[in-house]
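Just so you know, full-length UniProt numbering puts 106 at position 106 of the sequence shown, and the rest follows in order with no gaps.
Some clues are possibly wrong.
[As the list claims (entries may be wrong)] Heads up, simulated DSBU-like pairs for lysine-lysine below, C-alpha to C-alpha not over 30 Å straight-line:
id, residue 1, residue 2
1, K52, K22
2, K75, K134
3, K86, K107
Simulated from the structure, these hints should not be mistaken for laboratory data.
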Amino acid sequence: GREPTCEEIAKKMDLPVYKVHKIMKISQVPFSLETPIGEEENSHLGDFIEDKVIPSPPDTVIQINLREKIEEALKNHTHREASILKMRFGLGDGNEHTLEEVGQQFKVTRERIRQIEEKALRKLRRSSCSRKLKSFISDY
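Hey, can you work out the whole structure from these sequences and the hints?
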């Protein structure tokens with residue numbers, strides 16, 4: 001194999017050849033995140049690149065508010081029901097657990113966990129807190 005020519009790429013991508021040249025040129029120019037931006041030397045390119053790992057302040061507030069509403073909604077459930085829902089939907093440690101995993105934790109069958117989960121979700125849907133939780137869904 002050989003590298004395709006810009007003409008071949010342009011034809012395959014249905015783009016003008018000049019655009020392919022421009023894209024190829026941009027992709028080959030190295031730059032530093034420490035490149036100064038603006039007229040003052042205290043701003044750098046890296047300062048303006050969003051960190052996708054860290055949630056934005058508004059997202060953090062929404063997450064906290066949602067967590068509080070979930071905790072409030074789960075107060076109407078038994079400790080066991082709340083724990084099962086948290087494990088199944090990853091509300092505690094961020095990891096969703098299978099029926100089998102939750103069953104092992106509670107020393108019951110996965111079918112029993114499914115039944116408890118179903119009952120707890122029904123209870124959650126009927127609660128007055130469900131409207132508050134639904135507002136989070138409609139926002140996203």
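Next on the checklist: Hint compliance check: list the failing hint numbers for this structure, sorted ascending.
Outcome noted: The structure breaks none of the hints.
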